[in-house]
Amino acid sequence: MKEVFVRLDRCLGCKSCENACAVEHSSGKSLIAALSEKPASLRRVYVEMVEGQKMPMICRHCKDASCVAVCRTGAMWQDPTSGVVDRHADKCVGCWMCAMVCPNGVIGQQKDARLAVKCDRCSGREVPACVEACPTHALIFSEEEEFSELLRKDAAARITRIYRARA
Amino acid sequence: MAKDVRDRSIDPASREMLDVCQRAGLETAWDRYEKQQPQCGFGELGLCCRNCNMGPCRIDPFGEGAIKGVCGATADIIVARNFLRSIAAGAAAHSDHARDVAHTFRAVARGEAPSYGIKDQAKLERLMKEYGVDTEIALADAVMAEFGMQDGPLQFTRRAPARRLALWKKLGIEPRGIDREIVECMHRTHMGVDNDYVSLILQGLRTSLADGWGGSMIATELQDVLFGTPAPTFSEANLGVLELNQVNVIVHGHEPLLSEMIVAAAADPQLLELAKKQGAAGINVAGICCTGNEVLMRHGVPAAGNFLQQELAVATGAVDAMVVDVQCIMPALGALAGCFHTKFISTSPKARFPGAVHIEFKEQTARETASAIVQTAVLNYKNRNPAKVHIPNEKSKAMVGFSVEAIVGALGGNLDPLIGAIKSGAVRGIGAVVGCNNPKIVHDYGHINMVKELIKKDVLVLTTGCNAQACAKAGLLLPEAADLAGEGLKGVCKALGIPPVLHMGSCVDISRILVAAAALANALGVDISDLPAAGAAPEWMSEKAVSIGAYVVGSGVFTVLGTVPPVLGSSAVAGLLTGGAKDVVGACFAVEPDPFKAALLMIDHIDRQRKKLGL
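First to last, the sequence lines map onto chains A and B. Okay, so the first sequence: first residue is 6 according to this note's numbering, each after it adds one. Okay, so the second sequence: first residue is 134 according to this note's numbering, each after it adds one.
The hints are simulated quantities; they were obtained by calculation from the structure and are not laboratory data. All figures in this text were calculated on a predicted structure; none of them were measured in a lab. Honestly, I wouldn't trust all of these hints.
Said to hold, decoys possible - Some, not all, of what chain B presents toward chain A, calculated at C-beta under 8 Å:
| id | residue |
| --- | --- |
| 1 | D164 |
| 2 | Q170 |
| 3 | P171 |
| 4 | Q172 |
| 5 | C173 |
| 6 | F175 |
| 7 | F195 |
| 8 | E197 |
| 9 | G198 |
Don't be surprised by glycine CBs; every beta carbon is placed ideally from N, CA and C.
All chains should be modelled from the sequences, with the hints used to inform the complete structure.
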């Protein structure tokens, strides 16, 4: 099952992922069209800056997700096959319980409509819009094993360079 | 969540007002800076290009994504082009300011600007001699011609030491005309023109020299002619200069053309009478940014603060009019002034702001415009809401007005005493500390700590701009501040009765520092790059500062920047600016946000220069 992973050393904080996310979740699906929509389309990924580190924060689609557990209307649900946590707009009553329990603070609010807003991993797209938009490949859409292998190879390359420089 | 104001400024008055702003829910640049976090890394590295519509393009600094723009431009090309455009904008700002002053001077020469006169006849005559002309009109025409000149040389570049001039010529960076260099920057950075980073940076140096030894120097010299060459005088600085019982008029921006008239209008008996009728005890003019420095230097008009204090001044609720001209005026002022009775008055046809009342300044009717503006402020006094007024007590005395002429005067008529002190080691060297404020650095922290560190180690500090105001507020511009200096510098200051930090004026007045450097180099028979001197801009933010940094380095002075310029996306460009340039123009940049470490870099450089000179 593919997930959105973040290579923390790669994020430059350009917020291309935020823009692409909002565009993907607009009706017009283009930046120009999205700009004139009301209510404005909301992003589901948040680039934060903490202690000098730029970090894209996005739903981790946790197993036995607490946002699903606390949802009293059944709006928040987890697809048993893909593991994607999503919410049914028609059932959401805007009680914000999900937002309160999310450990990563990645559940947003469409305030006028009292709707919880979160990453749906771009249903219908092969690669999520945020990943596709990332110019430095800080965001990676892959299986967990693939991602770890990528980090491992990066690390191995680093070590090799240091080793060769010293040898 | 309330932010700790101690993380935002070291200045007590600013901290007090930041507290007031937080309680009142008033937004400042610091809040907006936080909302901008994280800032785009491509922009920080200088790696995005918007120069043509095949783009915007950006280069992946990690090399995995795009390493070339659509046109094929590499990181080196994009970074160098962006840097060149910054220099062009900065040089344009200073030089367009100079152009306005030159226009006013010509109008005076033609008898078309009755509000103005000639205040420094001796300087006027020296300039006429320098330009080889006999009349004021001919001088005005000759100065105006420098802007549109095609083949150079700019007259004031002749003030540089012969070796420097020869070097510029050899490198092909002797400016040919002020406007020409700026236009050429825009041409070269257009899609598909100059794509060699070295060639782009050299054009940047040439353009910046047209600013430092051209536009800025013209502005300084003609302002001296029209308004008087500054001489030492005392004044006060910080928000505490605002008066509870007087009409407060703040002049903010960069050009003294109007503010000179405002200062005069504020002393007009009729307007003073009107102020009394409104219940005010008088009319108090105070300055912010370099318009403030101009009237501080020439008239001892108190300084309300530096760049990051413009919003805090309005937030005192005691400003009856905030009068602005050009440059470094935050568009946020309109909305903020709207929370108070403050009239935010724009005056330049070039600079309009949301929420401002526009009272346009024209040189032919300058005095009348100034009177109308002061009258607006006076009539607004009664609208002040006492419940919203909060003026910090904090203010410091300062000795200001150190033009080159004034420094030479303080030294007894020539530079020999200073040269003697440098040779003996009493004065270790000269540090030129200038530049803006930037919320990336705790307000005034960079300025004050660097300057204190330098004087402690016997480095005489020359200052302008927002650094000068920071020093004024911290009491470093007083002769008594010599007690904070090392034994050598302290002795020299006490003997001459001068502060260890000399306020030389506004940011265009960095040209005064160039003149001083050239005079010192000539007196020692060396090039400027041989002097035991270093420059710094600990809290810089504007494109003008980029141009200044480039002309200071291009003139041969090692310069330390306190915030990182957007060039790190190209190791070639960054390497050239921070190393390679030394072999080309005899000086380079360094970047060091920590003011203590930055001061050490400057002192180390000064010591190396002393050794090379055999001192």
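Verification of the hints:
1. D164: violated, 15 Å
2. Q170: holds, 4 Å
3. P171: holds, 3 Å
4. Q172: holds, 6 Å
5. C173: holds, 4 Å
6. F175: holds, 5 Å
7. F195: holds, 5 Å
8. E197: holds, 5 Å
9. G198: At about 5 Å, which falls below the 8 Å cut-off, the nearest Cβ of chain A leaves the hint on G198(B) intact, so it holds.
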